[in-house]
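Colleague: Residue numbers (numbering that gives the first Met the number 0): 0 to 733.
FYI, nobody ran anything at the bench for these hints, they're computed from the structure.
Do not take every clue at face value.
[As the list claims (entries may be wrong)] Result set (DSBU-like, lysine-lysine): computed pairs, CA atoms no more than 35 Å apart in a straight line:
#1 K228 to K294
#2 K402 to K312
#3 K461 to K312
#4 K73 to K423
#5 K42 to K616
#6 K639 to K469
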Amino acid sequence: MHLNISLGIPQAVEGVEDTTSDIADIYDLKTGHLTPSQAAFFKKWEALISLEEKDLVRFRKELWTMTAPEREEKGRCFSDMVLDLTYRPPDAIKPTSQKEGKIHRLTYRFVKSNSGGASLLSGHMGVGDAVVVSVEPGLLALARGFVVDLTPDGVVLGVDHELDEDLILDRLRGRPGQDGFAHFDDAVVFRIDKDEMFGGMARIRDNLAQLFYAGADSRMLELVVDLAKPQFIVDAKESQVGRTAPASSHLNKDQRVAVQKVLHAEDYALILGMPGTGKTTVIAAVITQLVEAGKTVLLSSYTHSAVDNILMKLNGSDFDVLRLGNLDKIHPDVQHRTMAARPVAKTIEQLEHQVMSPPVVATTCLTIDHPLFSKRTFDYCIVDEASQITLPTCLGPLRFAKKFVLVGDHFQLPPLVKNRAARKGGLDVSLFRRLSDAHPDAVVDLTHQYRMNSDIMLLSNKLIYSNRLKCGSDAVASQRLKLPSQKFLESLHARSTSHNAHCWMGQLMDESCNAVFVDTDNVPAHDSRVGDLVENQIEAHLVHQVTECLLECGIQQSQIGVISLYRQQLKLLSYLLQDRKELEILTADRSQGRDKDCIIISMVRSNDEGQIGELVKDWRRMNVSFTRARSKLIIIGSRKTLQRAPLLTEFFELMDGQGWILTLPPDAHLMHDFGGATPKKRPATDMLSDISTWRHHNRKENGEKSKRAKVFGATDESILVGRPLLQDIANDRK
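Build out the structure end to end from the sequences listed, making use of the hints.
Modeller: If you want it as structure tokens, here you go:
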């Protein structure tokens, strides 16, 4: 394989001058089948992958060449950490057995050796991030794992190796020249580095190369590169699959059309699944009908959660499904589908039966390196979330099937590209978008949505989908968020001199308020920076107040989702809402695929200069954020600042026309005393004082350097901006 890549295809794009040499013979053998346009296609994508790889190598190198404090200054490390020996992990995050996964086998909590150090909430590390645990200077990469929980003064990790301090000290003492190893009162001092995940790049490059090898699937090359027109069976009688498939009475008209489109495809079919239109239900129906017709299916997606959501729809089916992947990344309701849940094979024949006999195999796009794939070819490959996957990554699972189905929505999150050269080169165009633009007849739209009420749907329908979205039923269109109790709302002003008649909180809680923009321009809610990270403390406090009011009025934590485009704001909100363990606080990227009865969006940007940043300009992220809400959507931000974004200018015109803008009074953040809500809740001034305290510790620790903008932009995602291939690798950790 290495010979193919190094001597074959790259030469196709560079040319060979010496036609008499041995390498020229290899060149002819490996590349003689490629047309000039195919060679040019490979050259473009190979160059883009190389750009990604160079940046990744530089990030990975930091672990070995920079001290922990140096890397901590860049926001990609926690230095001077010691084990919290009093910590006992709750049952909810304990691994159930040694077989549960390759990564999260043990759980530890770390705290700063210096209690007056910086807040751990500042920087580019957050819950879910992959990490490497080391001891300086002698023992690097002792363990790998993930951030399970993060607070201002501690971090909980799930790791793959035991961190026994006595054993570590013995190892350090036994190493020559290690008399000065780092310690703190005989406790080992650790560094925790963000893992930049290099391993997936070779796989992504191989995905691309496999498409161009001599002897590879020439039809796939024609479809993907040359954009050959996909073929469909016109007469349903000619389709064996169509003849044997039972009627899908539980599907609506759009969904049935989508299923039939797949069943009649000779090459591929594309399903555009708008928000809330039931694409997971459609995929499950397609898989069921294909299996009943005797076909095999490879199911893949951008994330583990998307794969598992589909498999949970199949839990009642009577056919076998094999789920591949690390057990700790697989939903508990699907773990019975894994190899770990099957009897241990005692013979080669038994093992082969376990991996070869299931008609459905499911995995993420970046875990197709399982040995099974060297032996099996499937009739169909179905890729969910295809519009979020870069073309080279998407090619991986497709090569193992005769036909494929891509399901996505290029009006939602794309493969993110901010680098101008990469964007100009087309790196932000997924294979789903490439094929749907070239052949719109191959696309089926799912337009009947069952998530949003009619007011919330109006926003994306007008701004994004050209009025194609429809409510799936009258019940969906008219659903409202009803407060189980009004007592707390009525008592809000009992301890203050304010009057309840025109209370802004009361207006938000009103059952008729389905979609609203809460304008903070009159409130001193200005954004600020922590190093190069953006937050808005007053706006975070307002979000906290609204959330607490909903909860105290009887709305359940699981019914509410809080979204922000900025991870520093999410850390601040997580701190304020730390007692609300069941409440989800998400980036727009992590929110896709989720929905809640009430969504509260913190827009953050508010300044006199009108600086809105790049994230707010991304209309697809706005679309994802807006369409997560079922019954109530509350967007909090500065109109004066945000209306500089073209999409949001249209948004404000629409909201004005509907009368859905609520302008806050200057003292809105001080009007309500939540001190009596729960024993742990305090008045606004105390809460803001707490925020200032941990923020002060961070600035004191980092000094003036923390105020300078860093190279990688304003958010954790900015490390991967313009590097969508790295995002694909990082996403496989989700």
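Colleague: Please go over all the hints and tell whether each is borne out by the structure.
Modeller: Here is how each hint holds up against the structure:
For the suggested pair K228 and K294, the alpha carbons sit about 24 Å apart, so the restraint of at most 35 Å is met. About 23 Å separates the Cα atoms of K402 and K312, which keeps this hinted pair within 35 Å; it holds. With a C-alpha separation of about 32 Å, the suggested pair K461 and K312 falls inside the 35 Å cut-off, and the hint holds. Distance hint between K73 and K423 is fulfilled; the C-alpha atoms sit about 29 Å from each other, no more than 35 Å.
Distance hint between K42 and K616 is fulfilled; the C-alpha atoms sit about 31 Å from each other, no more than 35 Å. Of the pairs offered as hints, the one joining K639 and K469 holds, with about 32 Å between alpha carbons and a cut-off of 35 Å not exceeded.
In summary, the structure agrees with every hint in the numbered list given earlier.
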